[in-house]
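If you want the building blocks of each chain, they are given just below.
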Amino acid sequence: MMDPIETLKTLSEHRTDQVVVSTMVALRVWSLVSKRPELDLPLVGCMGKASSLGLGVALARPDRQVWIIDGDGSLLMNLGSLVTIGNLSPPNLIHFVYNNSVYETTGGQPVPGAGRTDFVGLARAAGYLQAFRFDDLETLSLRLPKVLKLPGPTLVDLHVGRATALGPLPPARRTAEALRTVKAALSP
Amino acid sequence: MGLHAAKVLETLKAMGITHIVWLPDSETGFLYEAITADGSVKLVPVCREGEALAVAAGLWVGGAKPLVLIQNTGLFESGDSIRGLGLDVGLPVVMVIGYRGWLGGRPMTDSAGIYTEPILKAWGINYYLVETDHDLPKILAAQDEALKTSRPVAVLIGQEYEK
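If you read the sequences in order, they're chains V and F. Reading the first sequence from the start, the letters are residues 41 to 228 in the numbering used here. Reading the second sequence from the start, the letters are residues 1255 to 1417 in the numbering used here.
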């Protein structure tokens, strides 16, 4: 089990110009460590749709890597999106799963299949070209640079514990603002 | 006069649509054939309609010009996406919706048809009814409205497409 802040910090250290879609509790951890907020798309509410939103950006901008920082509960809500992504196979899409086994936003109730669902297996079966699981920070730091260079779609299942600190929960309008900020940043 | 798939596609191309985010309904078979045969507009097939508005929002962020093509049952399925990634974010997108149950203005018996317009009205989503090729300029009007108002606008397809 990895510390959530250290885990996302590791991701942030390897981020250059990727668009990052994050959601639910992961977005509140990501906001603490992100160094390029102008390329961040925090999806406040609309649970489950981060993977679909990220897919759209990846399809429109094949020249740009898109990261999705999904939750396990969120992905369970939109599991079909694994097949949608596997079928369209955008090579520039990396789908991280912030897997804490609970609905942290609502107080920590276990998600269905907590500790048993194999997201790596689901992703592979759905057509992702790569799928990895990490539950140790040292291994993640060591292997992440190579994982990020592989042609996707790639799923990276990150086994994290409960967050010890969270950024503020942004208002819903933050998503609308971020969509426009990122759209402007991406326009030629 | 019917509603011809080739004419619909011509209209979508004239609108500059780059991607059609799509899940087939019982009325869009010929349109699918026309889009795939033509090849200039990309089809983005989704597994459930709830994905469609979210994918469209991402495409829009990336500079593409998406259109959503689903059935009214899929509109019901998409509720939270339309709320969160359509209305709340002000997404200027046209949703072309197969109007299952529509009987040309006669009383409907299919609940899919019965609830369609009341639900669009409840969300404050404006809509246009398209039944023949003659109505196709309404899709262009819907796009203009979506862009001017920064909101999703619906087009209800009240007729099966012909070849």
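Treat the hints with care, as some may be off.
Only part of the chain V face toward chain F is listed, based on derived beta-carbon distances under 8 Å [unchecked claim]:
no.	residue
1	Cys-86
2	Leu-93
3	Leu-99
4	Ala-100
5	Thr-124
6	Arg-156
7	Arg-202
8	Thr-204
9	Pro-208
10	Leu-209
11	Ala-216
Quick list of in silico lysine-lysine cross-link-like pairs, BS3-like style, CA-CA up to 25 Å [as the list claims (entries may be wrong)]:
no.	chain 1	residue 1	chain 2	residue 2
12	V	Lys-189	V	Lys-49
13	F	Lys-1319	V	Lys-223
14	F	Lys-1296	V	Lys-223
In case anyone wonders, no lab produced these hints; they're calculated from the structure. All C-beta atoms, glycine included, are put in the ideal place defined by N, C-alpha and C.
Okay, which hints does this one fail, numbers in order?
6, 7, 8, 9 and 10
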